[in-house]
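J.: First to last, the sequence lines map onto chains A and B. According to the numbering used here, the first sequence is numbered sequentially starting from 3. According to the numbering used here, the second sequence is numbered sequentially starting from 265.
Worth flagging that the hints you see were computed from the coordinates, not collected in a lab. A portion of the hints provided could be inaccurate.
Said to hold, decoys possible - List time: in silico PhoX-like cross-link candidates among lysine-lysine, alpha-carbon distance up to 20 Å:
no. : chain 1 : residue 1 : chain 2 : residue 2
1   : B       : 409       : B       : 421
2   : B       : 421       : B       : 410
3   : B       : 338       : A       : 225
4   : B       : 395       : A       : 63
5   : A       : 16        : A       : 63
6   : A       : 63        : A       : 176
7   : B       : 410       : B       : 338
8   : A       : 272       : A       : 225
9   : B       : 315       : A       : 268
10  : B       : 271       : A       : 225
11  : B       : 422       : B       : 382
12  : B       : 315       : B       : 271
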Amino acid sequence: MSDKQIHGKSDYRKYDAMTTEELEEILRADGSCTEESDTEALLYIMEVLAQRKRTSVTENKVQEAWDSFCEDYLPGEETVVPPAEKNDIKLHRPKWSRLVALAAVVVLVAGLVVTAGAVDWTNVWNVVAKWNDESFEWETPDEQEPTFYVTEEPNEFVQLIIDKTGRSDLVPTKIPVGFQLEEIATEQVSDYTIYMAYYSSADRSFEIRVQPQMENTALSVEKDDGPVEVYTRNGIDYYLMTNNNTQTAAWFNNYYECFIFGDLTKDEMKALIDTIP
Amino acid sequence: MTIEERKQVEELYYEMYEKMMAYACANLENEALAEEAVQETFRIACQLPEKLRASPNPQGWLVLTLRNTIRNIKSGQATAQRVIERYLLQHLKEISVSQDQVSVNVQYDDVADTEEFKLLVEMAIEGRSHKEMAAARGISVDACKKRVQRAKEVLQKKISQ
């Protein structure tokens with residue numbers, strides 16, 4: 003490691019002389035800071051630490067971790083392996099093969115949607131692939147309920163916001179099919195009241211939050227390093243961003259800061275925003 | 265995800281796993297949670313293969329994503345702790361905490377004895393990973409995550425009542 007140059011730019015050999023505790027402290031400091039990281043230095047330190055801990059046992063652990071990753075963190079269900087790919091798939095990693103096949107099916111579905119013409123959110127998923135271990139078929143609109151559109155059901159949260167703020171232009175008036183209002187909560191911060199609504203379906207959830215602009219408190223939204231998209235609707239800029247695998251929308255509307263975050267796709271998020279008067 | 269993208273992720277996994285574990289262990293001080301952070305990071309990479317592929321420095325991208333993932337884990341624990349604290353303050357009659365081990369002896373009421381409460385305590389106070397909790401219950405990691413999310417919601421609801 004001592005003779006190693008990182009991309010020929012910097013000499014990180016000083017880290018070789020540091021103790022494990024000192025190096026770990028640097029990594030901890032990076033984990034809690036908000037500034038841009040020197041990833042090359044971090045990678046060097048991580049390599050030093052990994053080398054110090056590396057044994058034949060830890061090498062086996064990488065293999066075990068990979069197997070666990072395929073088994074526990076990428077569960078692929080209900081898919082078929084295209085015959086042409088079967089020979090390329092290692093038997094002890096079956097979940098990957100399912101994932102690849104699923105991706106191919108998704109691309110196929112997307113292609114059908116695109117070639118079908120303009121996107122209508124009430125109809126996007128009307129043509130759906132259905133399969134089991136032995137057969138594959140398309141389901142037509144007559145056989146399948148659409149999986150996403152916004153419900154016409156009355157929304158208690160909308161009414162609460164109108165009652166408490168006198169505003170009807172802050173939150174979505176409809177919610178996606180399959181979701182239901184789980185809870186409405188309020189939180190008092192000094193003289194300000196924050197209103198929150200939690201919605202969930204069988205396997206997803208999202209939250210809507212409305213809070214007055216607070217003095218001396220800057221708006222802060224947790225996000226990953228993905229881009230921020232500005233979606234303008236009725237003169238309001240909605241900032242769409244991701245935080246790992248969840249979507250966040252943040253916007254400001256005349257004294258109120260509003261958020262939606264949770265297990266939604268960007269298109270679902272936009273559809274929700276579209277229902278804000 | 266294409267075959268090429270899958271291959272790239274697999275190669276990066278074998279190259280980066282131990283290094284990322286070093287980062288995650290330093291920040292979480294819990295090997296099971298550290299492993300979960302690394303696995304989650306690669307799961308995100310699989311969900312966003314185009315970002316990984318487009319990055320001029322995929323290893324650096326993974327480190328930054330790992331940092332965000334660790335923050336989310338800490339944030340999730342902190343939220344769960346707040347829910348538990350608020351719930352305990354509101355509902356439980358007697359709490360005793362021993363010096364060397366967090367043990368909550370309570371006169372249980374209807375929620376404290378539920379699966380939801382136990383899940384949150386395991387996650388937020390005992391620092392167990394979803395994988396550990398899932399294994400103990402014979403369910404998938406994904407199902408365990410949903411139960412934890414559901415548990416937070418159930419307790420939140422109880423608190424607000």
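J.: Each of the hints needs a verdict: does it hold here or not?
T.: How the hints compare with the structure:
Restraint check: the Cα-Cα separation between residue 409 of chain B and residue 421 of chain B comes to about 18 Å, which is no more than 20 Å; the hinted pair holds. About 16 Å separates the Cα atoms of residue 421 of chain B and residue 410 of chain B, which keeps this hinted pair within 20 Å; it holds. Straight-line distance between C-alpha atoms of residue 338 of chain B and residue 225 of chain A comes to about 14 Å, which keeps the hinted pair within the 20 Å bound. Restraint check for residue 395 of chain B and residue 63 of chain A: satisfied, since their Cα atoms lie roughly 16 Å apart, inside the 20 Å limit.
Taking the CA atoms of residue 16 of chain A and residue 63 of chain A, the gap is near 29 Å; set against the 20 Å cutoff, the hint is violated. About 48 Å separates the Cα atoms of residue 63 of chain A and residue 176 of chain A, which puts this hinted pair outside 20 Å; it is violated. In summary, the hint linking residue 410 of chain B to residue 338 of chain B is supported, as the alpha carbons are separated by about 17 Å, within the 20 Å threshold. Only pairs whose Cα atoms come within 20 Å are accepted, and residue 272 of chain A paired with residue 225 of chain A is accepted, the gap being roughly 18 Å.
For the given pair, residue 315 of chain B sits about 16 Å from residue 268 of chain A by alpha-carbon distance, which is consistent with the 20 Å threshold. Pair hint residue 271 of chain B plus residue 225 of chain A does not hold up; C-alpha atoms about 28 Å apart against a cutoff of 20 Å. For the hint pairing residue 422 of chain B with residue 382 of chain B, the CA-to-CA distance comes to about 15 Å; that is within 20 Å, so the pair holds. Annotation: proposed proximity of residue 315 of chain B to residue 271 of chain B holds, straight-line Cα distance about 15 Å (limit 20 Å).
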